[in-house]
Amino acid sequence: MSVSTRAKLNIVTVLGGLLLLALYFPYLWFGVTPFASDKEYSDAEIAVLLEGTDLPDYYAMPLPERTPEELAKQKEDFTWCRFCHTLEQGGHNRVGPNLYRIFGQPAGVADHFPYSDSFIAKARNEKWVWTPENMAAFIADPHVVFPGNRMRYPPMLGYEMSLERDANIIEYLLRETR
Amino acid sequence: MTEQLAPGQQDRVATLLGWAIFITFFVMFFNIINLPRTPLGQREGMQLWHDSLGWVVGLLCLVRLYWFAQGPKPSPPEGMPEDSFAYSRAILFMLVLVFAAEFLIGIFYAWGEGRNVNFFGAVFPQLVETSEPLRITTGYPHSALAFYYLMLFTIWFVLGWWQNRKYGAGWRRLFPGEKV
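So the sequence lines, in the order shown, correspond to chains A and B.
1271 is the number of the first residue of the first sequence in my numbering; add one for each residue after it.
0 is the number of the first residue of the second sequence in my numbering; add one for each residue after it.
Source of the hints: derived by calculation from the structure; they are not laboratory data.
Here a beta-carbon is modelled for each residue, glycine too, at the ideal position from N, C-alpha and C.
Watch out, some of these pointers could steer you wrong.
27 Å max Cα-Cα, derived DSSO-like pairs, lysine-lysine [said to hold, decoys possible]: (1) A:Lys1278 to B:Lys178; (2) B:Lys165 to A:Lys1278; (3) A:Lys1309 to A:Lys1397; (4) B:Lys72 to B:Lys178; (5) B:Lys178 to B:Lys165; (6) B:Lys165 to B:Lys72; (7) A:Lys1278 to B:Lys72; (8) A:Lys1392 to A:Lys1309.
Reference listing, derived: stretches of chain A covered by chain B, where coverage requires no fewer than 3 residues with Cβ under 8 Å from a Cβ of chain B [as the list claims (entries may be wrong)]: (9) 1278–1292; (10) 1301–1315; (11) 1339–1353.
Use the sequences and the hints to build the structure in full.
Put into structure tokens, the structure is as follows:
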């Protein structure tokens, strides 16, 4: 087969260009990066980040009694969060960080999770701690609360956000991350 | 190999491999679509299918890559210039290469997250230590290459449509079979 140099160049350009575009897509679509962070937070570092805060142990507080239907609804409302976050102790970071015992923690301390610089800057400057109230503010509008952060939320077109849904998500998180 | 093939035809091995890869990948595609749409913690069964079919597609593609190098070379259908035919062959080659790469990267991704790789219930043990950097640096291209083969599918069919219109190359050649 005798293929012209021009055709060969075109093929390399088109297929190479598409490959470069494809390599950008996971970041564009899911907000993920190809590099892990080597940062691990010690208890001492977390204690420093929590200095000056006086927060209750959210996991020692009793949760409201719920009917099986209400619990099922909370689980359903949390479904989309479950695509990106693990909740159990020792669970992997996925597209988003592991959320085990998230309440009462400073923001941005999941080991090895590659937080965006803007997320870490704001978290440290404002000493942001995950209280249920802060979490509610965050998931109501994550890109206003943490400008430049990479969480893709709402997760899809047509996803209906509401205060009731957010409250269900937060209570589900409190139940499942203790 | 010097086997002489009629214009627009490919040999029996390439035809069989083409069908096998097409059918297995077609089945796997539904799994690929649904796996990320399934919440974490409910993916075990789907993951087993993903791993198992990934092995089949991956190994078939490695054989097909060998056959690209060692098998007889097809020539363009009647009336189609060599340059235009080269585009089709390059896309096909790249598709097979990407599937093979997905297979190899996928194995390291599974090991990175501390998971044994399954082949229809038979466990291929973890040979590399669980590691977050490995999981992330393999997970990213595993996802990116999936976008890439969707792009390749698209230009494969767009180019095929155009070649049919311009050279009367036919539609059958866009699917597995003897026609290329």
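Next on the checklist: For B:Lys165 and A:Lys1278, compute the direct alpha-carbon distance and say whether it is at most 27 Å.
Outcome noted: Measuring from Cα to Cα gives roughly 20 Å; hence the hint holds.
Checklist entry - Are A:Lys1392 and A:Lys1309 close enough, with their CA atoms no more than 27 Å apart? => result Holds. A:Lys1392 to A:Lys1309 sits at ~17 Å (cutoff 27 Å).
Checklist entry - Are the Cα positions of A:Lys1278 and B:Lys178 separated by 27 Å at most? => result holds (23 Å)
Next on the checklist: Check the hint pairing A:Lys1309 with A:Lys1397 against an upper bound of 27 Å on the C-alpha distance.
Outcome noted: Distance ~18 Å between A:Lys1309 and A:Lys1397 Cα, so the pair holds.
Item to check | Verdict on chain B covering the region 1339–1353 of chain A, criterion of 3 CB contacts below 8 Å | outcome: The restraint on the region 1339–1353 of chain A holds, since 3 of its residues have a Cβ under 8 Å from chain B and three suffice.
Checklist entry - Within a Cα-Cα threshold of 27 Å, do B:Lys178 and B:Lys165 meet the stated pairing? => result Holds: B:Lys178 and B:Lys165 sit about 17 Å apart, inside 27 Å.
Next on the checklist: What's the verdict on B:Lys165 and B:Lys72, does the C-alpha distance respect the 27 Å limit or exceed it?
Outcome noted: holds (23 Å)
Next on the checklist: Hinted pair, alpha-carbon criterion (27 Å max): A:Lys1278, B:Lys72. Please report holds or violated.
Outcome noted: holds (17 Å)
Item to check | Within 8 Å of chain B (C-beta), three or more residues of the region 1301–1315 of chain A | outcome: It holds: at least three residues are needed, and the region 1301–1315 of chain A offers 6 whose Cβ sits within less than 8 Å of chain B.
Checklist entry - Under the criterion that the straight-line Cα-Cα distance not exceed 27 Å, is the pair B:Lys72, B:Lys178 satisfied? => result With a Cα-Cα distance of about 13 Å, the restraint between B:Lys72 and B:Lys178 holds, given a limit of 27 Å.
Checklist entry - Taking a Cβ-to-Cβ distance below 8 Å as contact, does the region 1278–1292 of chain A have at least three residues touching chain B? => result holds (count 9)
In the structure shown, no violation is registered for any of the earlier numbered hints.
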